[in-house]
Amino acid sequence: MNVVRFLWSVVLVVVLWAAPSVAHAEGITAVVEADETKVLVGDVLTVDFVVSKSSRRGSLPNPELPESISEAFDVGQCGGGTSRSIQNINGRTSVAVSRRVSCPLTARKAGTFKIAFTVPDGKKTVASNTISVEVLASEEERAPLEDPTVEAPTDAREDVFLWVSTDKKRAYIGEQVTFRLDVYEARRFLDVSLRTSPTYEGFISEELPLPELYATTVGDRPFRVRPGIRRALFAQASGTATIGASELLIDRRKRRFSDPIELDILPLPAEGQPPGFSANNVGRFQISAKVDRDEVQPGEPLTLTYAIAGEGNIELLDPGAWASLPSSVRTYDPKVTTERSRGEVVGGTRRYEFLLIPERSGTLTIPAHALAYFNPETEAYEVAKSKPIEIVVGGDPNAIVRDDADAETEEGSVVEDPLAPVVSMSSVPRELPGARWLDLQRWTLGMLSIPLIVGLGLGGSWAWRRFGPDDAARSRALVRARRRERIEAAQAAVDSGEGFHTAVSALLQDVALEAAGPEGTGLPRPELFRLLERRKVPAEDRRRLESLLDQCDAARFGAGGGDADERHTLLDDALAVVRTLGKGAA
Amino acid sequence: MVLAFWVAGLVAPRAQADAVDDAFVQGTDAASRNDWGDAAASFENASALLAQRNAALSYNLGTAYAHLGDLGRATYHLRRATDWRAGPTAEILEAARGNLAAVRRRAELDATTTGAQIDRPQTTWDLLVRAIAAPWVAWLSLVCGVGFCVVLYVHRRWFRTQPRRAGASRALLIVLGLLYAIPGGLHGWSVRAASAQPEAIVLGASVDAREGPGQHRSVAFTLQGGAEVRVLDRSPGWSLVKLPGGLSGWVPEATVARIDAVRAAPPRRAMRDDDAVVGKDDTPGSDGA
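Which chain is which? The protein sequence lines are A and B, in order.
Each residue of the first sequence is one higher than the last, beginning at 1 in this note's numbering.
Each residue of the second sequence is one higher than the last, beginning at 1 in this note's numbering.
Source of the hints: derived by calculation from the structure; they are not laboratory data.
It cannot be assumed that every hint is accurate.
Said to hold, decoys possible - To be clear about the criterion: a stretch of chain A counts as covered by chain B if any three or more of its residues have a C-beta under 8 Å from a C-beta of chain B, and this derived list gives those stretches: (1) 87 to 99; (2) 432 to 440.
Claimed, not checked - Pulled from the structure, derived: some chain B residues nowhere near chain A, Cβ distances all over 10 Å: (3) 53; (4) 113; (5) 121; (6) 130; (7) 156; (8) 220; (9) 230.
Here the structure is a predicted model, which means the values were calculated and not measured.
No residue lacks a Cβ here, since even glycine has one placed at the ideal position from N, Cα and C.
Let the sequences and hints guide you as you build the complete structure.
Have a look at this one:
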C-alpha cells in the first residue's frame, strides 16, 4: 500500500515538474499563445498574453512584453480585457480571474524567434511558457519553376496557395505562350485577393477568358480552384524571358507568393525568311479577297475586302505591301476592322476594306495578295495567297471619267452624276398654294370633338332614360294633348256648327272616362254614371255632364243644334264641366 | 403727302418684284455660262428679296450648289424645292428629285471616304411613317370620326330594334371607329413628333458633333454635309441633332438649317464666320475626297 502511494506521489511530482508551459506562483498563471507558428516575412500573426489567478485576493498584474519581441516583429495596437468565472463544485465555490492582451505582430525578418513574457507577483516574477515562431524569408524561397508546364500541383503545400504554369517552356519570338495562374483553397477564406499581378517583361500580353471556378483534389485533400489569370504572351526578344511572381493577400493579413517562370525564347530562323518579314507574323493564317460587286460603271465605287483569318497576334499582323492598282482606279485608304475569336488561342479575322472607283471602262484585275508568316508548328516560313479578282467596268472602253480637277476646269461641276439643268423663266412665279384648310389645330379640334359629341349624346340619352318622364306622366300628357285637340275642334266648329256637337260630346265623354278611371271604358252611359257616383263625383257635376251629353245627342241625332249663340253657351258650359271634372281626374 | 405714300406703296412691291426677276435671270444666265459661283450668288440674292418659299428658286439654288460641290446646301435647297408649300410643278419636282439623288450619292461617297456620319437611306418604315403624316390620313380619320357619330345616332334612333339593320350598322360602327382611332392616333403621334423634332439638313462640308454645347466639349462624331437630322434641343448658339440611326450630338446652330423654315438658310458668304468656328473646309469645290 505504501509502495503504491509512493508511486502516485512520484507521478504527481513528475507531472507538475514536466509542465513547463504553465507557470504557477501563488495561484497566478501566465500563458502565451499564437495563431500561427510559421509565417513569411511581412505576415501578421496574433499573439495572446493571458494572465490568470484562482483567487479574488489582490489585483491581477498586467503582462510585460519582452523587449526582444520588437527586434523581429512590429507590434501593432494591442487590446484585450478581463474576465471572471465562478464555479461551484460540491458546495465549494472557486473564482478565477483572467486578463487577456492580444497583439498583432508583423514579422520583420526571417529566423526562428521565441516569445514569452513575465508578470510580477508580489516580490516574485512569474514567467510564461515559451512559443517558437518560424519566419521564412519569402523572397529567397521563390526560385523559378523547373517545369512550368505542369498544369496542376500534386501535393498540397498549405490551405491556400498559388499555382502558375505555361503551356510551353520554349517558344519562338511572336509565338503565343499561354500563362495560367490559379488560387487553390482547401477551406473558405473571407477575403482572398491578388495583391500583385505577375510581370510580363519582354512580352506583349493579351487577356484570355477565365474558366469557371471548379473543385479538384490535391494529395487526397479537396481543393477549390479559383482561376485567377489567363494570358496569352507574345515574346518580343530572344533569350530568357521571365514571368514575375505574384502575391496573394489572404484575409488582409497573410500573404502567399507564386513562383516565377523562366522561358526560353528562340529567334525566328534566318533561313528562308522573306525580306522585310515582320516578327509579329507568327502563327497560322489564311487570306481571302472579295469585292461587293464585280460589274460597275466608270465612276461607281466598289469595296474590295481582304480578310486575314487564323491564329496568332492578329492585331499586330503586318499584311505587307498591297498590290498596286492601275492609275485609272482611284483608291482610298482601307478601313481596318478586327474580329477577335474567343478562346485560349488568340486569333480571329482582320479585314481591310478598300474603296475603289474605277474611272476607265474595261476589265480590272485585282492581283493576288501574298501574306508571309512563320508557322511555329512546322518551324518554317509559309505563304498564304488570295485569289485574283476580275471586275468588269462597263460603258464605252474608250470613255474616261473626268476627275474632279478636270471637271472643275471644264464645266465647273464636281458632282459626277449628270444633273438636271436649272429652270429658266423671265419671271419668278409668286403664287403659292394656299394653306391647307385642315391644319393641325383644326384637325386636333375635330378629332377631340368627336368623342366629346359621342359622350354627350350617350350621356344625355342615359340621363333622359334615368331622369325623364315615367309612363303615368306620359299618359297624362297624352290625355291633355287629346283634350286640347277636342277643345280646339269644338272651338273651330262653334260658328259653323259642323261637327261641333260631335267634338263636344267626345270631349265630355273623355272627361267622364277620365273621372271614372280605367273601369269605365266600354260601359254604357247609365253604368258609367253609376260608376261616377261610386267614384264620389258630385251629383251637381254628374247632372250637368249628363245634361250636356243629352243636348249633344239631341243636336246630333235630333232636329238640330240651334244657333251659334246656343253653341257658344253649350261650349262654355262644357268647358266649365271639363275644368271641374278634368282637374279631379288629373 | 398721303398720295405720295400711296403711290410709294404701290410702286415698291413692283420694284422689288422686278429686282427678284432680274436676279433670277442673272442667275440663269450665269448658269448657262457654267459660272456656278455667280449663279448661286444671284439666286441667293433673289431668294433674299423674295422672302418666301419658291420651288423654282430653291431648285436652281440647289442645282448651283450641287455644281459647286456644296453638298449640304445643295441638299437643303433641293429638299425645299420638293416641299409642297413651295408650289413645285411636276417638272421641277422630277428634276429636283433627280438632282437630289445625285447629290445624295456624292455625299454618301464622301462620307465613306472621310468616315463622317450620314443618315441611312430611307427604309420602308420611314416611308410608312412619312405616309402616316400625310394630310389624307388626317382627312380619313376625321371623316371616319364624323361618320361614326352619324351612324351611331341612326343606329340608336332607328335601327336598334331591327336585328338585320342593327347588325350592319354595328359592323359599320366598328370599322369607322377603328379607322378613326388607329390612323388618327398614328397621324397625331407622327405630326407631333415631326413638329417637336423638326427635320434639318447639315450645311457645312463636314461638321463636328460634340458631346455638349461648346467648342471645349469633345467631338463625338463628324456629320457629313447634306445629312438629314432631327433637331432635338437647343442651347444658345447650339443645336442638339440626331441622326435617324440614333447618334446625337451638339453642333453650331448655323451649321444646320430646318427644312420647314419659311425663309431659306443664309447664303454661304454670310455663314463664313460660322464655318470658321466649325473649323471645317467649306470653300467651293472642296469635297473632302
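We went through each hint and held it up to the structure:
Coverage of a stretch by a chain is defined here by at least three residues with a beta carbon nearer than 8 Å to that chain's beta carbons; for the region 87 to 99 of chain A and chain B the count is 0, and the condition is violated. Taking a C-beta to C-beta cut-off of 8 Å, the region 432 to 440 of chain A contributes 5 residues in contact with chain B, enough for the three needed, and the coverage statement holds. The claim that residue 53 of chain B lies off the interface is violated: its Cβ sits roughly 6 Å from the closest Cβ of chain A, which falls inside the 10 Å cut-off. Here residue 113 of chain B does not stay apart from chain A, with its beta-carbon only about 5 Å from theirs, under the 10 Å limit.
With a minimum CB-CB distance of about 15 Å to chain A, residue 121 of chain B clears the 10 Å threshold, and the non-interface call stands. Every CB of chain A lies more than 10 Å from the CB of residue 130 of chain B, the least distance being 16 Å, so the non-interface label holds. A beta-carbon of chain A comes within 10 Å of the beta-carbon of residue 156 of chain B; the shortest separation is about 7 Å. No Cβ of chain A comes within 10 Å of the Cβ of residue 220 of chain B; the nearest lies about 19 Å off, and the non-interface call holds.
With a least CB separation of 18 Å from chain A, residue 230 of chain B remains clear of the 10 Å interface cut-off, as annotated.
When the structure is compared with the earlier hints, violations turn up for hints 1, 3, 4, 7 and for no others.
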